[in-house]
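Undergrad: Below, each chain spelled out in residue letters.
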Amino acid sequence: MDTKLNTPLLEVKELYKRFSISGDFLDQLKFESGKIRRKKEYVHAVNGLNLNVMQGESLCLVGESGCGKSTVARLVMGLEKPTQGSIHYKGDRIDTLFANKEIMPYRKKMQMIFQNPYASLNPRMTINATLMEPIKIHNPTWDNATVQDKVHEVMLSVGIDPTWGSRFPHEFSGGQRQRISIARALAVDPEFIVADEPISALDVSIQAQVLNLMMDAQQERGLTYLFITHDLAVVEHFGTRVAVMYLGTLCEVSTAERLFDRPRHPYTQALLSAIPRLNDNHSSYIKLQGEVPTPVNLPSGCVFHGRCPYANARCKAEIPILTEIEGTQVACHAIEEGRL
Amino acid sequence: MTQNSTLPVNNQAHTMSEKFFKSHFWHSFKIDIVAQLCFLVFIAYVFMALFAPAIAPFDPYDPASIDIMNSEIPPSWSEEGDESFWLGTDNQGRDLWSTILYGTRVSLLIGIGAVFLQAFLGICIGLVAGYIGGRLDSFLMRMADVQLSFSTLMVAIIFLAVFQASFGTELYQELAMFMLILVIGIAEWPQYARTVRASVLAEKEKEYVDAARVIGLSTPRIMFRHILPNTLSPILVISTVQVANAIIAEASLSFLGLGMPASEPSLGSLISSGFEYIFSGAWWITMIPGIVLVLLVLVMNLLGDWLRDVLNPKLYKG
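Protein sequence lines correspond, in order, to chains H and A. Per the numbering used here, residue 1 is the first one in the first sequence, and the count goes up by one each step. Per the numbering used here, residue 1 is the first one in the second sequence, and the count goes up by one each step.
Among these hints, one or two may not hold up.
Mimicking PhoX-like on lysine-lysine, the simulated pairs with C-alpha atoms at most 25 Å apart in a straight line are [stated by the list, open to error]:
| hint | chain 1 | residue 1 | chain 2 | residue 2 |
| --- | --- | --- | --- | --- |
| 1 | H | Lys81 | H | Lys40 |
| 2 | H | Lys109 | H | Lys136 |
| 3 | A | Lys206 | H | Lys81 |
| 4 | H | Lys13 | H | Lys108 |
| 5 | H | Lys287 | H | Lys316 |
| 6 | A | Lys206 | H | Lys136 |
| 7 | H | Lys136 | H | Lys150 |
| 8 | H | Lys13 | H | Lys109 |
| 9 | A | Lys206 | H | Lys108 |
| 10 | H | Lys101 | H | Lys81 |
| 11 | A | Lys206 | H | Lys109 |
| 12 | H | Lys108 | H | Lys90 |
No lab work stands behind these hints, which were simulated from the structure alone.
Using the sequences and the accompanying hints, generate a full structural model.
TA: As structure tokens, then:
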């Protein structure tokens, strides 16, 4: 297992993504102290992210809402273009590919499962048509019977009765739809799946089913997952490794066991202490002060310094870098200096 | 194999018709008397237009069947009426009933043809503008704004008048129907483009479009196979209203002498030709085609309104 984990399947290097929020040219003109100036404002969604996903693992990316998790997923899948930085799949750079021909081989290897099963299936297409489309486009030489067999097989593998193929998405429940959307991702036999909060829109009773389905698929097909979630209980159940994200940067990456056992970064500690437990003695809560800063005007230095009880002058000035400390990658000056 | 493949198709067709009779669409049609009436009248119009040569007692396009001595005979129910001319005759001695049948045919043909052209242009431009966005979107939508700032009628009058002046009336009369479809079709594409673009902007944010991109589908395929089917209901609604508008536009142009020639009259040119005789007592030449035209447009507008309420209460008031 360990030797297998040593080859990174996906490498994300120094990734930046910002979105303009100042509208078109006329909206950007501002009248300031007697002069007309052009002013552009950006949301800094992802700031210098470094991440490796190893072959065969399920890497969970966790963080609060608005921290850029979904943007990372969309960048990896090529739905957005990064502002800076690069993304490599098995060593080949994939973020600069533009022509459809060049991207197609990666589309077959990398697939995505979406958050909202009510929006991710085309309401005007039958389940059969939805599932046949990816198979046909990636295997143009197959005849209809072979394609139909493949559809049959993936429907069975996600526990959807193949005779339901002529139905439309609105005839299914949320859990069934999410299974269909997993079937669509599995239909092209991918190696790597990005799952963007695939269970957060589902009932709690259905969440476990879908999660187990994804884990079974991983075992049968040797899949690698980049699993994006804000649910820490899911991480404990599902994740091999965990990456904790805060305001567009990673603050801690470690195996799931070690992270829950001994969280290092002050933010991770606060995050984990917020999980409600049955035998709760309220003293263990870590209360963070203040609010999450806006991603429009990023704080200088460590993005967490405004809310961190251990912050000092260096934290305000210098951006910490992910460094390996006792088997865990942490981006924190205090830990590096031994203050924590 | 053939048996296998036909079976599910039959099955699907069966459930499709079953689904239709259970649908909200059918239900709201069943309870709405106005809609039923309008639909009946509209079907009658279409029937009249399609089978005009079979229904009409005379052929108004055949000069041999026209006798100038029969001109301005009032409808058959009035004192001076003639049994063989039910609705009377026009100033050239043509049977008015036959001429109206043929005229309805011309009007509907121009209306529907123009709307097909509008829809084709508008859907393509709207899809591209909405899906691709950015500068192309700004450019196309500013073009639409410019186009909308001129009234359709004014553009059509200028275009047709210039054409008539430069290529002669004879050529114009030969090409009249084609030219009318072209002019009305091109002048009104922004209506479609704007509606389609608005729907596309809403649809393209949905995850199924991202899913289609992740699968690796090409942009045209995503636009036409995934997004377009989801924007169809507003397109259907404005189409009914636009056919009525196009018929009115054609009638107005014909009335002004820029439409169909007197030898192949549409409803508009018929109204126009009778207008000179209205004060000499020959009211029927203008009034009867006028009523036919008003009823047709009214029925289409009411159907469009009903369709809009059923399919998409949010969009477009024609």
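Undergrad: Now tell me if each hint is right for this structure.
TA: Cross-check of the supplied hints:
no.: 1; hint: Lys81(H) with Lys40(H); verdict: holds, 19 Å
no.: 2; hint: Lys109(H) with Lys136(H); verdict: holds, 15 Å
no.: 3; hint: Lys206(A) with Lys81(H); verdict: holds, 19 Å
no.: 4; hint: Lys13(H) with Lys108(H); verdict: holds, 23 Å
no.: 5; hint: Lys287(H) with Lys316(H); verdict: holds, 21 Å
no.: 6; hint: Lys206(A) with Lys136(H); verdict: holds, 23 Å
no.: 7; hint: Lys136(H) with Lys150(H); verdict: holds, 10 Å
no.: 8; hint: Lys13(H) with Lys109(H); verdict: holds, 20 Å
no.: 9; hint: Lys206(A) with Lys108(H); verdict: holds, 22 Å
no.: 10; hint: Lys101(H) with Lys81(H); verdict: holds, 17 Å
no.: 11; hint: Lys206(A) with Lys109(H); verdict: holds, 23 Å
no.: 12; hint: Lys108(H) with Lys90(H); verdict: holds, 14 Å
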